[in-house]
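Student: Here is what each chain is made of, one letter per residue.
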Amino acid sequence: MALEYDLLNENVKKCQYAVRGELYLRASELQKEGKKIIFTNVGNPHALGQKPLTFPRQVVALCQAPFLLDDPNVGMIFPADAIARAKHYLSLTSGGLGAYSDSRGLPGVRKEVAEFIQRRDGYPSDPELIFLTDGASKGVMQILNCVIRGEGDGILVPVPQYPLYSATISLLGGSLVPYYLDESENWGLDVNNLRQSVAQARSQGISVRAMVIINPGNPTGQCLSEANLKEILRFCYNEKLVLLGDEVYQQNIYQDERPFISSKKVLMDMGSPFSKEVQLVSFHTVSKGYWGECGQRGGYFEMTNIPPRVVEEIYKVASIALSPNVSAQIFMGLMVSPPKPGDISYDQFARESKGILESLRRRAKIMTDGFNSCKNVVCNFTEGAMYSFPQIRLPPGALQAAKQAGKVPDVFYCLKLLEATGISTVPGSGFGQKEGVFHLRTTILPAEEEMPEIMDSFKKFNDEFMTQYDNGFGYSRM
Amino acid sequence: MRRFVIGQAKNIVDQTRRRLQPHHHHHHNNLRLLSLLRTPASDSTPRLFSSSSDMSASDSTSSSLPVSLDSINPKVLKCEYAVRGEIVSIAQRLQDDLKTNKDAYPFDEIIYCNIGNPQSLGQQPITFFREVLALCSHTALLDESATHGLFSSDSIDRAWKILDQIPGKATGAYSHSQGIKGLRDAIAAGIEARDGFPADPNDIFMTDGASPGVHMMMQLLISSEKDGILCPIPQYPLYSASIALHGGSLVPYYLDEASGWGLEISELKKQLEDAKSKGITVRALAVINPGNPTGQVLSEENQRDVVDFCKKEGLVLLADEVYQENVYVPDKKFHSFKKVARSMGYGEKDISLVSFQSISKGYYGECGKRGGYMEVTGFTSDVREQIYKVASVNLCSNISGQILASLVMSPPKPGDDSYDSYIAEKEGILSSLASRAKTLEEALNKLEGVTCNRAEGAMYLFPCINLPQKAIAAAEAAKTAPDAFYCKRLLNATGIVVVPGSGFRQVPGTWHFRCTILPQEDKIPAIVNRLTEFHKSFMDEFRD
Numbered sequence: 001m002a003l004e005y006d007l008l009n010e011n012v013k014k015c016q017y018a019v020r021g022e023l024y025l026r027a028s029e030l031q032k033e034g035k036k037i038i039f040t041n042v043g044n045p046h047a048l049g050q051k052p053l054t055f056p057r058q059v060v061a062l063c064q065a066p067f068l069l070d071d072p073n074v075g076m077i078f079p080a081d082a083i084a085r086a087k088h089y090l091s092l093t094s095g096g097l098g099a100y101s102d103s104r105g106l107p108g109v110r111k112e113v114a115e116f117i118q119r120r121d122g123y124p125s126d127p128e129l130i131f132l133t134d135g136a137s138k139g140v141m142q143i144l145n146c147v148i149r150g151e152g153d154g155i156l157v158p159v160p161q162y163p164l165y166s167a168t169i170s171l172l173g174g175s176l177v178p179y180y181l182d183e184s185e186n187w188g189l190d191v192n193n194l195r196q197s198v199a200q201a202r203s204q205g206i207s208v209r210a211m212v213i214i215n216p217g218n219p220t221g222q223c224l225s226e227a228n229l230k231e232i233l234r235f236c237y238n239e240k241l242v243l244l245g246d247e248v249y250q251q252n253i254y255q256d257e258r259p260f261i262s263s264k265k266v267l268m269d270m271g272s273p274f275s276k277e278v279q280l281v282s283f284h285t286v287s288k289g290y291w292g293e294c295g296q297r298g299g300y301f302e303m304t305n306i307p308p309r310v311v312e313e314i315y316k317v318a319s320i321a322l323s324p325n326v327s328a329q330i331f332m333g334l335m336v337s338p339p340k341p342g343d344i345s346y347d348q349f350a351r352e353s354k355g356i357l358e359s360l361r362r363r364a365k366i367m368t369d370g371f372n373s374c375k376n377v378v379c380n381f382t383e384g385a386m387y388s389f390p391q392i393r394l395p396p397g398a399l400q401a402a403k404q405a406g407k408v409p410d411v412f413y414c415l416k417l418l419e420a421t422g423i424s425t426v427p428g429s430g431f432g433q434k435e436g437v438f439h440l441r442t443t444i445l446p447a448e449e450e451m452p453e454i455m456d457s458f459k460k461f462n463d464e465f466m467t468q469y470d471n472g473f474g475y476s477r478m
Numbered sequence: 001m002r003r004f005v006i007g008q009a010k011n012i013v014d015q016t017r018r019r020l021q022p023h024h025h026h027h028h029n030n031l032r033l034l035s036l037l038r039t040p041a042s043d044s045t046p047r048l049f050s051s052s053s054d055m056s057a058s059d060s061t062s063s064s065l066p067v068s069l070d071s072i073n074p075k076v077l078k079c080e081y082a083v084r085g086e087i088v089s090i091a092q093r094l095q096d097d098l099k100t101n102k103d104a105y106p107f108d109e110i111i112y113c114n115i116g117n118p119q120s121l122g123q124q125p126i127t128f129f130r131e132v133l134a135l136c137s138h139t140a141l142l143d144e145s146a147t148h149g150l151f152s153s154d155s156i157d158r159a160w161k162i163l164d165q166i167p168g169k170a171t172g173a174y175s176h177s178q179g180i181k182g183l184r185d186a187i188a189a190g191i192e193a194r195d196g197f198p199a200d201p202n203d204i205f206m207t208d209g210a211s212p213g214v215h216m217m218m219q220l221l222i223s224s225e226k227d228g229i230l231c232p233i234p235q236y237p238l239y240s241a242s243i244a245l246h247g248g249s250l251v252p253y254y255l256d257e258a259s260g261w262g263l264e265i266s267e268l269k270k271q272l273e274d275a276k277s278k279g280i281t282v283r284a285l286a287v288i289n290p291g292n293p294t295g296q297v298l299s300e301e302n303q304r305d306v307v308d309f310c311k312k313e314g315l316v317l318l319a320d321e322v323y324q325e326n327v328y329v330p331d332k333k334f335h336s337f338k339k340v341a342r343s344m345g346y347g348e349k350d351i352s353l354v355s356f357q358s359i360s361k362g363y364y365g366e367c368g369k370r371g372g373y374m375e376v377t378g379f380t381s382d383v384r385e386q387i388y389k390v391a392s393v394n395l396c397s398n399i400s401g402q403i404l405a406s407l408v409m410s411p412p413k414p415g416d417d418s419y420d421s422y423i424a425e426k427e428g429i430l431s432s433l434a435s436r437a438k439t440l441e442e443a444l445n446k447l448e449g450v451t452c453n454r455a456e457g458a459m460y461l462f463p464c465i466n467l468p469q470k471a472i473a474a475a476e477a478a479k480t481a482p483d484a485f486y487c488k489r490l491l492n493a494t495g496i497v498v499v500p501g502s503g504f505r506q507v508p509g510t511w512h513f514r515c516t517i518l519p520q521e522d523k524i525p526a527i528v529n530r531l532t533e534f535h536k537s538f539m540d541e542f543r544d
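So the sequence lines, in the order shown, correspond to chains A and B. In terms of UniProt numbering, the first sequence opens at residue 1 and continues consecutively. In terms of UniProt numbering, the second sequence opens at residue 1 and continues consecutively.
Please note that a few of the clues may not be correct.
As the list claims (entries may be wrong) - Below, a sample of chain B positions facing chain A; criterion: calculated Cβ distance under 7 Å:
1. Pro-66
2. Ile-72
3. Glu-131
4. Ser-137
5. Ser-177
6. Ser-352
7. Lys-438
Hint data in this document are derived by calculation from the structure and do not stem from the laboratory. Quick caveat: nothing in here was measured; it's all calculated off a predicted structure. Cβ atoms here follow ideal geometry from the backbone N, Cα and C, with glycine treated the same way.
Just need the whole structure built from these sequences, with the hints factored in.
Tutor: Structure below.
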């Protein structure tokens with residue numbers, strides 16, 4: 001056998017990605033055996049019944065089969081604005097969906113993205129500094145690959161975090177420098193924590209190069225305030241860190257106190273010297289928001305204050321992969337320039353979008369309240385994104401049982417939950433958490449009409465579990 | 001036994017030493033590493049090496065920034081990809097300028113012959129495939145009665161079949177990280193029909209094009225520059241770039257131009273020994289069949305020798321077979337390495353083999369959709385779990401590409417509604433490609449000092465230009481590789497964009513360029529004329 005496990009790249013072996021790890025694999029097994037599984041392990045709205053928006057699907061269908069546009073009856077099946085838009089996007093390509101585009105993405109679409117950013121933030125955006133990618137994840141990997149030279153390079157990552165970051169840092173042979181979010185302060189970020197983390201890393205000889213923020217947070221859902229963002233940007237300025245702003249959930253906001261504000265806007269608002277010197281890469285996607293088009297694999301990143309020669313190098317690496325998939329580029333174009341009032345498809349589009357967002361907002365509340373009504377469970381409100389991240393206070397008896405089963409406590413709990421109810425979650429250990437404090441991540445995506453039943457099912461399992469293992473000697477808690 | 005134990009101990013020590021090696025940020029070390037492993041006479045050499053001195057001038061404030069040219073990952077700086085390199089940038093600038101400055105140029109348009117991107121040059125997609133994709137994109141179409149007038153009945157059936165294989169018919173959802181099971185079943189069935197040997201859907205990993213699959217394997221195989229991958233020279237520079245990005249060593253094996261780019265086992269052996277003597281452990285052998293840029297189709301006998309070689313030397317065989325449907329000569333036929341290995345009686349325990357396929361080439365040419373897969377056989381389950389894990393970090397490849405891959409591997413069959421038109425489209429494209437390959441090859445062979453092997457397969461011609469000394473001297477004076485010098489002159493005189501051979505590597509002292517056979521047939525005569533005229537004047541200028 002040529003490729004022995006022992007000879008594999010160590011970085012590959014070290015990397016973990018719990019979102020499709022043990023729990024998911026076990027859930028898939030059970031599903032094959034005929035058990036009804038509710039997959040709440042990944043932010044995958046369409047898999048849980050959310051319908052795609054009609055307009056973009058109409059446009060892309062026409063782009064897939066341009067011969068339809070020549071048919072005299074096409075106007076009977078497709079609205080005129082979808083037809084016009086399909087023609088528009090096809091004209092931006094150099095041969096339709098089947099031709100490689102510019103490695104950075106179609107210039108016409110990147111221009112639309114720049115215009116969107118400008119409208120959103122009030123500051124100009126340069127299409128040359130916007131690269132489209134096969135999903136935001138690919139963009140994150142490209143940028144981290146640029147920054148990480150070896151294990152001497154540290155990347156500040158929030159704990160809990162979306163494990164794309166830890167997995168990619170592992171794969172690239174870098175070092176993850178954790179900064180802990182404060183659960184008791186709604187998963188807030190304390191700059192003092194940041195300073196401590198950096199100091200500790202430096203004392204170990206690690207050169208801290210970048211800081212990741214996920215805003216709104218995943219798995220934690222918190223929306224950063226403008227003041228918080230200013231602090232972070234100032235911190236990056238002082239410590240000479242490039243800020244990686246994962247903003248893929250910017251459309252998913254479920255409270256009104258802290259609307260989404262982009263890192264770029266805050267940076268520009270701060271003026272010189274910050275706006276001219278702090279390096280920032282911002283990420284967005286078509287997978288989340290109210291679009292939920294995960295399967296398209298469409299994303300972009302925008303670079304701010306990155307030197308031109310470095311932009312060239314990033315372009316060079318992008319060119320090795322030839323180009324991002326063109327259908328998703330069109331989805332991205334449509335997302336950043338959706339139907340406007342007056343357009344034929346506007347009413348339907350607005351109705352569909354609003355419907356999804358309002359339902360998500362309701363579901364965020366249903367789930368938070370549902371978890372909080374359970375024994376030994378405490379759950380911060382999902383301010384944004386798509387997840388609920390309740391803290392599960394496991395009694396010593398449960399910890400003991402987990403140990404005997406050879407499982408990390410939250411994995412043990414989640415496996416039992418899965419087997420009892422079919423609810424497939426991701427244990428908090430997959431995202432990182434404080435020592436001795438346990439969580440699980442679920443999505444708020446199951447259909448609204450099924451939610452009460454799901455929460456009842458969870459409560460029943462949880463309360464029985466807690467009673468079973470409760471020996472009154474104190475609990476795991478923060 | 002004792003020698004084995006010592007060997008094992010040494011491995012562990014080496015691995016530990018590698019892991020604990022202090023990281024050298026210092027720029028000088030990076031340059032030294034670069035000079036050891038760089039391509040000779042590469043087009044972008046001047047830019048890279050000048051960057052270290054230019055840097056202080058143009059990036060004067062950047063050295064204090066966290067992300068600057070002197071602080072980014074040196075592997076990024078090192079890797080190159082000429083297919084979209086310098087010549088293409090020049091071409092794009094010319095193209096922009098042409099819009100407003102038509103009279104300044106002896107040509108009306110830029111013709112991109114640098115990249116295997118058929119649909120950008122007018123090749124039409126296969127109607128049936130796009131019908132299915134459109135229906136899957138907007139499933140509401142299937143409920144409309146008007147649809148039945150617009151779409152073929154078998155495309156409607158196939159769309160329903162595919163949607164039934166997708167949970168909830170949700171084409172916008174992330175799928176299984178290896179790709180939708182039902183589609184993998186179709187691909188496995190297609191592989192079996194092609195080879196006559198069974199294929200397991202669980203061995204299939206669907207990717208956004210074949211390239212990400214190659215990257216995944218390089219990531220798995222390469223732990224340090226002590227890990228080597230045998231690559232054909234000339235090669236498609238995804239391999240050299242990927243190896244550089246993952247910090248490994250490219251171990252070249254030279255294809256023999258004189259014998260139609262033949263692959264000699266003796267050459268493989270020689271290069272393997274050479275690498276060993278330099279302390280490099282060769283982990284895999286990459287074979288591109290049909291070849292890129294060279295176009296040769298390996299004989300079955302040759303393939304058997306390659307399989308035996310890999311088995312004997314314990315190498316993973318990386319079989320890039322993306323051009324499997326592009327064979328233009330009656331005396332050659334594509335045989336997959338899997339078929340060859342299985343026909344030799346070799347099974348899962350005998351040879352580790354990764355076969356790559358893509359939807360970008362063939363007669364379908366769906367580059368922009370980004371679809372492909374790798375079939376991974378002969379690995380233990382713990383290794384396969386690692387492959388799965390790496391695939392899962394990116395969640396899944398794009399669904400539309402997955403659907404296309406399944407269509408490519410299970411196209412319309414005789415009796416299907418679309419079969420006749422499908423076959424007509426397919427054969428039309430393939431016969432046209434064969435004819436263009438021949439026409440261009442003949443034209444190139446007529447040029448003074450140029451010899452061109454026939455394109456048995458793939459999408460390229462890779463002529464050898466015997467450059468006169470004067471031309472080489474002029475190139476050196478312009479600080480450009482001689483073949484790049486020729487290609488730039490060609491571009492400026494004719495608007496035709498080709499890729500210098502140095503982008504693919506070649507026997508030192510020989511010069512080539514890669515030109516695709518993809519411009520539409522009606523453009524070929526003009527291309528031939530312009531190329532011929534240019535070459536004559538070039539030789540007139542530089543003839544010794």
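Student: Now, for every hint given, state plainly whether the structure supports it.
Tutor: Hints, verified against the model:
1. Because the closest C-beta pair between Pro-66 (chain B) and chain A is about 5 Å apart, less than 7 Å, the hint holds.
2. Taken as an interface hint, Ile-72 (chain B) checks out: its beta carbon lies about 5 Å from the nearest beta carbon of chain A, inside 7 Å.
3. Proximity of Glu-131 (chain B) to chain A holds as hinted, the smallest CB-CB distance being about 6 Å (cut-off 7 Å).
4. A cut of 7 Å between beta carbons decides the hint on Ser-137 (chain B): the least distance to chain A is about 4 Å, and the hint holds.
5. For Ser-177 (chain B), the shortest C-beta to C-beta distance to chain A is roughly 6 Å, which falls under 7 Å, so the interface hint holds.
6. Annotation: interface hint on Ser-352 (chain B) holds; nearest CB of chain A at approximately 4 Å, less than 7 Å.
7. Using the Cβ-Cβ criterion of 7 Å, the hint placing Lys-438 (chain B) at the interface with chain A is not satisfied: the shortest such distance is roughly 24 Å.
This entry does not satisfy hint 7, going by the numbered hints stated previously; all others are met.
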